[in-house]
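> In case you want the letters, here they are:
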Amino acid sequence: MAKNQPVGGQAPVVQRVRLRYAKRGPLRFTSHRDFARAFERALRRAAVPIAYSQGFTPHPKISYASAAPTGVGSEAEYLEIGLQAEVDPAQLIVALDAALSPGIDILEAVVAREGSSLADRIDASRWLIELPGIEPQAAADAVATFLAAPEVQVERMTKQGRRSFDARSAVTFFAVTKQSGAPSEAAAAPCAIIDLVVRQVTPAVRPDDVLSGLRVVAGLEPPVPPRVTRLAQGTLTPQGEIVDPLEADREDAPIGGH
Amino acid sequence: MSVRSVFPQLEQLLPRVSKPIQYVGGELGAVVKDWDATTVRWALMYPDAYEVGLPNQGVQILYEVLNEQPDVLAERTYAVWPDLEALMKEHGVPQFTVDAHRPVHAFDVLGLSFATELGYTNMLSALDLAGIPLESKDRTVDHPVVLAGGHASFNPEPIADFIDAAVLGDGEEAVLEITGIIRQWKAEGCPGGRDELLLRLARTESIYVPRFYDVDYLPDGRIQRVVPNRPDVPFRVHKRTTMDLDAWPYPKKPLVPLAETVHERYAVEIFRGCTRGCRFCQAGMITRPVRERSITTVGQMVKEGLEFSGFSEVGLLSLSSADHSEIGDMCSGLAEQYADTNVSLSLPSTRVDAFNIDLAQELSRNGRRTGLTFAPEGGSERIRKVINKMVTEEDLIRTVVTAYSNGWRSVKLYFMCGLPTETDDDVLQIGRMAHEVIKAGRIATGTKDIKCTVSIGAFVPKPHTPFQWAAMERPEVIDNRLRMLKQEINSDRSLGRAIGYRYHDGQPSLIEGLLSRGDRRVGAVIRRAWDKGQRFDGWSEHFSYTRWVEAAAETLPAFGVDLDWFTTREREQLEVLPWDHLDSGLDKDWLWQDWQDSMSSYEQDDCRWTPCFDCGVCPSMDTEIQIGPTGKKLLPLTPVKSLRVPV
Chain A
546 MAKNQPVGGQ APVVQRVRLR YAKRGPLRFT SHRDFARAFE RALRRAAVPI AYSQGFTPHP
606 KISYASAAPT GVGSEAEYLE IGLQAEVDPA QLIVALDAAL SPGIDILEAV VAREGSSLAD
666 RIDASRWLIE LPGIEPQAAA DAVATFLAAP EVQVERMTKQ GRRSFDARSA VTFFAVTKQS
726 GAPSEAAAAP CAIIDLVVRQ VTPAVRPDDV LSGLRVVAGL EPPVPPRVTR LAQGTLTPQG
786 EIVDPLEADR EDAPIGGH
Chain B
109 MSVRSVFPQL EQLLPRVSKP IQYVGGELGA VVKDWDATTV RWALMYPDAY EVGLPNQGVQ
169 ILYEVLNEQP DVLAERTYAV WPDLEALMKE HGVPQFTVDA HRPVHAFDVL GLSFATELGY
229 TNMLSALDLA GIPLESKDRT VDHPVVLAGG HASFNPEPIA DFIDAAVLGD GEEAVLEITG
289 IIRQWKAEGC PGGRDELLLR LARTESIYVP RFYDVDYLPD GRIQRVVPNR PDVPFRVHKR
349 TTMDLDAWPY PKKPLVPLAE TVHERYAVEI FRGCTRGCRF CQAGMITRPV RERSITTVGQ
409 MVKEGLEFSG FSEVGLLSLS SADHSEIGDM CSGLAEQYAD TNVSLSLPST RVDAFNIDLA
469 QELSRNGRRT GLTFAPEGGS ERIRKVINKM VTEEDLIRTV VTAYSNGWRS VKLYFMCGLP
529 TETDDDVLQI GRMAHEVIKA GRIATGTKDI KCTVSIGAFV PKPHTPFQWA AMERPEVIDN
589 RLRMLKQEIN SDRSLGRAIG YRYHDGQPSL IEGLLSRGDR RVGAVIRRAW DKGQRFDGWS
649 EHFSYTRWVE AAAETLPAFG VDLDWFTTRE REQLEVLPWD HLDSGLDKDW LWQDWQDSMS
709 SYEQDDCRWT PCFDCGVCPS MDTEIQIGPT GKKLLPLTPV KSLRVPV
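Here the protein sequences line up with chains A and B, keeping their order.
If you count by the numbering used here, then the first sequence holds residues 546 to 803, one letter each, in order.
If you count by the numbering used here, then the second sequence holds residues 109 to 755, one letter each, in order.
It cannot be assumed that every hint is accurate.
As the list claims (entries may be wrong) - In silico negatives: residues of chain A with every beta carbon more than 10 Å from chain B:
#1 Asp579
#2 Glu585
#3 Ala664
#4 Glu680
#5 Gly706
#6 Ser714
#7 Gln745
#8 Arg751
#9 Ser757
#10 Val769
#11 Ala777
#12 Glu796
Said to hold, decoys possible - Simulated pairs of lysine to aspartate or glutamate, EDC-like, Cα-Cα distance not exceeding 16 Å:
#13 B:Lys749 to A:Asp633
#14 B:Lys749 to A:Asp579
#15 B:Lys520 to B:Asp533
#16 B:Lys141 to B:Asp191
#17 B:Lys127 to A:Asp633
Read the hints as simulated data drawn from the structure, not as lab findings.
Even for Gly, the Cβ is constructed at its ideal location relative to N, Cα and C.
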């Protein structure tokens, strides 16, 4: 019925804000869909003037950068929101963080400048992998074997069925750290801690694929599920550094980025 | 002594199960208290999967009411899926609460809310995982009191061996009274152990403790009598009624989950009770009298509930929402308040009349249109008189056509199959009526772009209703009628294409019937079915009819009865029913008269607008109908102009 069509449409976007958020502790089991629902509710709880798409079922203007897998913690998830009124980013952090469950934490907010999109600025991730019950030396040997291989075929179930692909070529850095910091589960048991940098490729190579690779090349089998955290996302420089994707949007950033 | 979280052990298992988020808690509105700073501790369980249990209003209300008490701690637990159950058993992780992941066996009370009987096997799984003996007689002072509530507790006899006590009726005040009794008993040093605590509960006359009652049987298997086996407990246990819903505006802080659940909305109960008098409807019978929440309380709850939760949908719930005395002003007022937002408002719309469409029209003013559902329940006018659902075929067609004319492209129609006195033709009439609806709708709208969905399930007779004496129809007969109806709908291909058809087959309903009207002997069937692996009876992929039939065949003959005896057998007037000692307020003679009236197609009016017909509830419970209108109106809200930043 014509009389029930929305009249006048939705207010336009006047400000775009990019956010970095974390998925911590038990809430690392939040799936991306779960997060998206919770985030939309948080926008309403915090009375954020979010802009909506046009049409009968308007959707809030939110775009996500690649999300960490369910069960993996993250200190570096990114999204962008379109607003119909300008807000102070510092206030936005406080309001949104209070509207979300503890464990889903808003860490940074910057007003987007003209230029590249978030997705354009992300092509690699740094991961921290804790392997309780694995001796650091055993892990280091397995990592060395992995790095020495020209390619490491691993398998994963996908929606299209079981799929085989190379997990080696996407890995740009892979090392067992000196056991700085205790493992998250307090225990006297050994715990290898791994620092891993993986490029975004298709099909995606995820930390668990790299761990499958360790099993394939060196028979490394963690006795309990490993604990994985994404530490950073961004553009990989030739020197192997990951550039913060929000850096180019900051007030004091030189035009042109890093 | 403090109680440790089992999360470190559970956490190792979560990467290996589906949808782990359902087990981690962390919802908005969840409360975690210091164990040692509290004296009475409740574990509240909705015995189904988290996605079904979390939105349950009853549990949310009691959770909030209990946690508002400074010395009381309430946490929640739900049924775990078989994948996690197997891992928990393998690794020795006990049934846990999702709030602070404390083991359920450490609490004072395990309170289970049984909306239906289909949660019984899940209760056994939870007790087993919790390390609590399955049977009440084997528990000690170190185990929680296992307490049943919810609609199914109006006949808890099939689970009498497994529970310690049952509460009938509204829970808001009951949980506080029970808390008081436990607090006092613990302060005194738990005198007399578990038996003394249960005795104190039983003496309230509103808490049923099955172990204090003996059931004697006649040689033919019927019950001879149910009597107290000690002098200090009441012969009959009475239901609870919370009279002033404005004084209990819960949930104030609804639980907002991270996991996806079956309802994602802020739900407000706009009234409790129903006197429409549909003879199949247990909810309408056991929740009398009607008690309305006023328009202003509803408006306040919606405002605060949305601000707290961030939900974008509001449900105005009750057993027949269009019957609220202020529903017109309530709908237009809320529609006005939320006109410029993306909040959608909905009303479960089962009443078959044009007023219902006016209300739905009002609620969809901001362009967010929710579905329209009508529940004529019976296909023929004759059968609708039997069930006391007063609507003529002309009314129904006119109402649905009005919906089409007002822009709804699709409506849902709800029916039941297997009603008392039903014939094949009563069911086939549903198909003919659906054809008429589509024909008339096409003429009225001038388009073929309209649809209706016929949804039909098997009737289950319930305790404390006029149909409590009725025989169930056999599943084969039900399934055959459902097949015939499908053929009837598709007998005209053009019309049939516009009619969706959804049905639930007869076998699960027969088992629900066994559990609904069973007595203590049915406990053996539940135990056997559970031993055979039966879980999640409300889920077709987990329900096994064969398993239940085998369990019944292996256990009931020892008592001289069988599955048919409990389900397809009509009861006589003087038969002692398993729940006769449990007082819902309804006068058994009135129920019998209404059952007889039903057989002669004599209809019963609603006591809200005709004189009292003596169902018995108000005088025996010392309650009265509480309806408006208050004459008040909802005023527009002031729009929020800035970010809501906590101070």
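> Hints first: check each against the structure and report whether it holds.
Here is how each hint holds up against the structure:
1. Asp579: Check fails; 5 Å does not lie beyond 10 Å.
2. Glu585: Glu585 of chain A is in fact no farther than 10 Å from some Cβ atom of chain B, at 8 Å.
3. Ala664: holds, 25 Å
4. Glu680: Given a closest Cβ separation of 19 Å, the condition holds.
5. Gly706: holds, 18 Å
6. Ser714: holds, 26 Å
7. Gln745: holds, 23 Å
8. Arg751: holds, 13 Å
9. Ser757: holds, 14 Å
10. Val769: violated, 5 Å
11. Ala777: Consistent with the label, Ala777 of chain A stays out of reach of chain B, its closest Cβ about 23 Å off (over 10 Å).
12. Glu796: holds, 20 Å
13. B:Lys749 to A:Asp633: Given that 16 Å is the threshold and the Cα spacing comes to 14 Å, the pair holds.
14. B:Lys749 to A:Asp579: violated, 28 Å
15. B:Lys520 to B:Asp533: violated, 21 Å
16. B:Lys141 to B:Asp191: violated, 30 Å
17. B:Lys127 to A:Asp633: Violated, because 36 Å separates the two Cα atoms, which is more than 16 Å.
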